[in-house]
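Modelling step: build the complete structure from the supplied sequences, incorporating the hints.
Protein chains in written order, with our numbering: chain A, 1 to 237; chain B, 1 to 130; chain C, 1 to 114.
Heads up, some of the hints might be wrong.
Stated by the list, open to error - Straight-line alpha carbon distances no greater than 20 Å define the calculated SDA-like cross-link-like pairs of lysine to any residue that follow:
no.	chain 1	residue 1	chain 2	residue 2
1	C	2	A	16
2	A	77	A	25
3	A	5	A	74
4	A	5	A	37
5	A	77	A	54
6	A	77	C	5
7	A	80	C	5
8	A	213	A	50
9	A	80	A	25
10	A	96	C	2
11	C	2	A	157
12	C	2	A	14
13	C	2	A	12
14	C	2	A	64
15	C	2	A	92
16	B	21	A	202
Unchecked claim - Here are some chain B residues the structure puts well away from chain C; computed CB gaps all over 10 Å:
no.	residue
17	25
18	69
19	77
20	80
21	111
22	114
Stated by the list, open to error - Computed beta-carbon distance windows for the label pairs:
no.	chain 1	residue 1	chain 2	residue 2	range
23	B	60	C	101	28 to 36 Å
24	C	108	B	38	16 to 24 Å
25	B	69	C	4	51 to 59 Å
No wet-lab data here; the hints were simulated from the structure.
Computed from a predicted structure; not experimentally measured.
Glycine residues also receive a C-beta, built at the ideal position from the N, C-alpha and C atoms.
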Amino acid sequence: MDMLKVSVWRGAALGGYRTYEVPRQESQSVLDVVTYIQRNIDPTLSYRFACRVGMCGACAMTVNGVARWTCRTHVAKVAKGNAIQIAPLANLPVVKDLVADMSEFFDKWARARGQFVPCATRKDAFAQVASDSPGRVAANAGIECIGCGVCYASCDVVSWNADYLGPAALNRAWTLVNDVRDGARRERLAAVAGDAGCHACHTHLSCSERCPKDIEPTAAIAGLKRAVALAAWKGEL
Amino acid sequence: MSSTGQGYAAPPLAAPGAGAKSETWLWIAQRASAALLALCVVVHLITIIYAVRHGLSGEAILARTRGNAVGLAFYTLYVLAIAVHAPIGLRTLCQEWLGWRSASLNWFTAALALALFAFGLRAGWAVFSG
Amino acid sequence: MKNDYRARNHPAWWAFLVHRLSGLALSLFLPFHFLALGQALQGEARLDTLLRWTEQPLVKFAEIMLVLLLAAHLTGGLRLLALEFLPWRGWQKNLLAWAAGTALAAGLAFALAL
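Here you go:
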């Protein structure tokens, strides 16, 4: 039986890679490998997962240097010979081993005004939004985001600029900017403008390249750049 | 509605991003100058290739640029666009790769813009009046 | 944890790097370019002396590189303008190929004209 040489990050900010030998199976995901290690070799290994079927995004980790959902990553696809390296998501503080602290990711979501702000009451009629209107199409392209953090972990601007809101937060803001029912457009555009916002994006496209749901935050951020510029031109920023 | 866990304090909702207005205008200036430069650079590349074929001596170059008012006007516009475009780009590079984010960076950027504009105008005038 | 080259190993990232480094190189070259042309203020002969210096093979090679960098920065920049201002379409990934090809063509045109 082939044995995988799996190099796993142990520790927190300070730590190192420890190598484990895991039996290689024909159809095996990286999450299967991590689970095998924790159950059969080293029960002290900490990691996150939930659904195991590619719906929740909890199992996101860095596999051979690239942020991925480990439950949807086949070992056969990423192994270099028989070697895999597994680490926690980049750009986030490490809690322990493969667990990253997602607090700043969600804080930035809030800072980008990623919350819907209603402006109708129960007495008003339902909003009528045509699903093929340009705004709705633009919003729909981004609303499937489940906040897994892969884009944030893949973004170099996040590494280079501690305040940068990041692709997920900006993508969410864009979906709301395009939502005709939302009442906080002006505040939101102000929140996403500036050095920590959309203008810091340099179109590396790493986020769009890595998003497991094929969302393209780069497109959303480009839209925000245009919307913010127009608002500034009109003196509304 | 579930309440947040103990010990977690939600951050205050955003104030306008740091330098929201100024960064937005810098972005607009950068893209506008880029569009202008696209035209200028295409013209410049064509003239470079023409010049290489038709003589690169001082005499040959000056014969083409001396008294050429259209040329001077073109290069003045070109230099203006460069003086806007290059410093803004370099500013971003300094912020991200050198970690230089203090106010002194903005002074450096402005100084660079002035220097490029001044030396560029001087060069344009030099070959016009040469 | 920090990302390394493995996270960056995709075409759009290389396009960014080429664009930023070419911009930097051109910015460093510009003062010399302006100063050189400014020599014309001291008369034709002065400019001529400088231009004779540029006849050296190494300088000629550097000039080809500069033209390539200029063309690359231009085409890369046009690609960015397209990505930021045009409606987002799938074919935009191919813009990178067009940009690279055009830049190369411009550089070759210069090199062959020499």
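Discussion item. I want to verify a distance hint. Is the separation of the beta carbons of residue 108/C and residue 38/B within 16 to 24 Å?
Written reply: holds, 20 Å
Worksheet entry | Given pair status - residue 37/A, residue 5/A, alpha carbons within 20 Å | holds, 11 Å
Worksheet item: Has the given pair, residue 2/C with residue 14/A, been kept, meaning a C-alpha gap of at most 20 Å?
Response: holds, 13 Å
Practice prompt. Decide, holds or violated, for the assertion that all CB atoms of chain C are farther than 10 Å from the CB of residue 114/B.
Written response: At roughly 13 Å from the nearest Cβ of chain C, residue 114/B sits farther out than 10 Å, so the non-interface label holds.
Item to complete: Take a quick look at whether residue 2/C and residue 12/A sit within 20 Å of each other, Cα to Cα.
Response: Within the cut-off at roughly 13 Å; holds.
Worksheet item: Is the straight-line distance between the alpha-carbon of residue 213/A and that of residue 50/A 20 Å or less?
Response: holds, 17 Å
Discussion item. Can you confirm whether the C-alpha distance between residue 5/A and residue 74/A stays at or below 20 Å?
Written reply: The hint holds at about 15 Å.
Item to complete: Say whether it holds or is violated: residue 69/B keeps its Cβ farther than 10 Å from all Cβ of chain C.
Response: holds, 16 Å
Discussion item. Given a hint of 51 to 59 Å, does the C-beta separation of residue 69/B and residue 4/C actually sit inside it?
Written reply: holds, 54 Å
Item to complete: Evaluate the condition: distance from the CB of residue 80/B to the nearest CB of chain C exceeds 10 Å.
Response: The claim holds: residue 80/B sits with its nearest Cβ about 13 Å from chain C, beyond 10 Å.
Worksheet item: Do the alpha carbons of residue 2/C and residue 157/A lie within 20 Å of each other, as the hint requires?
Response: holds, 12 Å
Worksheet entry | Restraint check for residue 2/C with residue 16/A, where alpha carbons must lie at most 20 Å apart | holds, 14 Å
No hint from the list above goes unmet by this structure.
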